[in-house]
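Asker: Each chain is listed here by its residues.
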Amino acid sequence: MPERTPLLRDLPRLLFLTAAGLLMLMPYIWMAAASLKPLDEIFRASLSLWPERFFAAENYGKVFERIPVGRYLWNGVVVCGGILAFQILFAVPAGYALAKLRFRGRELVFGAVMLGLLVPPHVPALPLYVAFSQMGLLNSYTALIAPFTISVFAIFLFRQFFKSLPDDLIHAARLDGMSEMAIVWRVVLPNAWPAATAFAIFSVVAHWNDLFWPLIIANGDSHATPALGVMFFRSAEAGDDFGALMAAAVIMTAPLVIAFLLAQRRFVEGIASTGLKG
Amino acid sequence: MSDLAIAAPHRRAAGTGEAMAAWALTLPAAIAYLLMLLLPTLATAALAFTDYELGLDGFRWIGLGNFAEMLEDRGFLQSLRNTLVYVGLVTPGSIIGALLLALAIEAGTRGRTLFRAVFFLPVVSLSVAMAAAWQYLLHPTIGPLNAALRVIGIEGPAWLSSSDTVLLSLAAIGIWENLGFNLVLFLAGLTAIPRELYAAAAVDGVPSAWERFRLVTWPLLGPTTLFVLTITMIRSVRVFDTVVVLTQGGPNKASQVLLYTLYEEGFTYFRIGYSAAITLVFLGIVLASMWLQTKVLDKRVHYA
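Top to bottom, those sequences are chains A and B. Residue numbers 68 to 345, in our numbering, belong to the letters of the first sequence in order. Residue numbers 6 to 309, in our numbering, belong to the letters of the second sequence in order.
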């Protein structure tokens, strides 16, 4: 370890970072503060953060009373969980085949994967919408999950990772009489946890926060995700009751932010290493 | 599944079995790829040349009709211009900011994890909820920002509802959203620079911190910077959530952006053909940003 600079000399740097950090946290600080205040205090626009009259119970109570918070959070879990499960189920075997098996058409498959990496998810959205609408599947979990079951990025990521696994590991498993399918799930995947967790975090963060597709597909409380929930609440309350609106924002943001604070390192590395797909 | 087992341990003997197994393993992904990505993408490309509207029977091929309409469509042109301005503000803003902060974090050992977490927080926060927080923060009368400005005697503008400031405000939020992501990429790039190079620079008599940055850090950070540049452009061309929540393209189309126009035309007015054509323009911009990375700038930034 390099020698630590004396605190006094380090002070300007720390002050600069602290000031920038506070600026960064402003929306969170004011969001949390407003969620504790009664409306008349918010309308006075004073710069004091701490409420004179503690109004948390009323604000948060109103959110739970007006919108099915549990329903939204549950929908978020089902959609993100469903998407991730299919992505892993489809991408891990394909990534293994591309990394470790020789077959005719491998270059073609890999080319298709690379091509897929260039296409943002908004591009296939219109025909998918028309198709789901013809099949009467609007406002369903199927329509929310299906378009994201294939992640070419996951295939690419797993292929890169599996390539670095030693061939002997796989030969040994074959000698033990394991099928290729068994090798994928019982030998290869357990050795690829870093890649799998990184991708899982990336995927869940992306789809928990996604607005574009749920906005198109879900049109009522029954299948609304947390992002839509905040929007519904906002329009239902005409957006004027800031105390309650901020309380709703806090509730919907909390799950992922808490997960992030608990596993900060994994999140940062997971999202940065998979940042490729943006 | 057990019939996938390959009896012969030798690669040569296992040729056909191996190929069979490979295709069996790839099949689910291939089917999903076909149904959810390839066919719909090709369908979008085809629809862009039709006048198809959802709810109407049939459609006609109208060639470049949709693209001709775009050139006349004030809303679309405005959204294209606004998107480019937005990208033009968010990209340099979030890259320079992230680089400065990354250098400051990397320059010492105290508080690394804490600061990194603080700046990264917006990346994992629900963008719709944070947009609501910004709506309060920037509210013309009750918002804390204008309240603070009033203390020093300035009457702040109506940030999100005046056509002069709305795009600027959205860009500021965009910078706030993208900064932490870029910061983490820069931190990774900085860590990869060998310490000895700084020592060598010191031995060679490179005196100031600025010279050290100019001669060592900046050139070696080239590939990282290029990657960050491309990724930020692609991420900011996709601006959508904040517009939906905060402005709906208003006031008077001053914050109309590409994806929002695409969304309105396709999913509100159901003009699928026209919206598909806008999708192709959007895809073109994304591909151009990627091309920029591989072709134009690549030559200059690789120091082998």
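In short, the hints are calculated from the structure, not lab data. Glycine included, each C-beta is placed from N, C-alpha and C at the ideal position. One should not assume that every hint holds.
[Said to hold, decoys possible] Covered stretches of chain A (chain B as the covering partner; in silico rule of three or more C-beta atoms under 8 Å from a C-beta of chain B): (1) 112-122; (2) 126-137; (3) 173-184; (4) 274-286.
[Claimed, not checked] Simulated restraints, written as ranges between beta carbons of each label pair: (5) PRO261/A with PRO199/B: 36 to 46 Å; (6) PRO79/A with ALA193/B: 22 to 32 Å; (7) ILE159/B with PRO79/A: 44 to 54 Å; (8) ARG200/B with PHE83/A: 17 to 27 Å.
Asker: Do three or more residues from the region 112-122 of chain A put their C-beta atoms closer than 8 Å to C-beta atoms of chain B?
Answerer: holds (count 3)
Asker: Checking C-beta pairs, does the region 274-286 of chain A have three or more residues closer than 8 Å to chain B?
Answerer: holds (count 6)
Asker: Return holds or violated for the Cβ distance of ILE159/B and PRO79/A against the range 44 to 54 Å.
Answerer: Violated, since ILE159/B and PRO79/A (Cβ atoms, about 28 Å apart) do not stay within the stated range.
Asker: Are at least 3 residues of the region 173-184 of chain A within less than 8 Å of chain B when you compare beta carbons?
Answerer: Since three or more residues must qualify, the claim that chain B covers the region 173-184 of chain A holds, with 4 doing so at under 8 Å.
Asker: Would you say the C-beta atoms of PRO261/A and PRO199/B sit inside 36 to 46 Å of each other?
Answerer: 24 Å, violated
Asker: A range of 17 to 27 Å was offered for this pair. Does it hold for the Cβ distance of ARG200/B and PHE83/A?
Answerer: 23 Å, holds
Asker: Check whether three or more residues of the region 126-137 of chain A sit with their beta carbon closer than 8 Å to a beta carbon of chain B.
Answerer: violated (count 0)
Asker: Do PRO79/A and ALA193/B keep their Cβ atoms within the hinted range of 22 to 32 Å?
Answerer: Between PRO79/A and ALA193/B, where Cβ atoms are some 25 Å apart, the hint holds.
Hint compliance for this structure: hints 2, 5, 7 are not met, and every other hint is.
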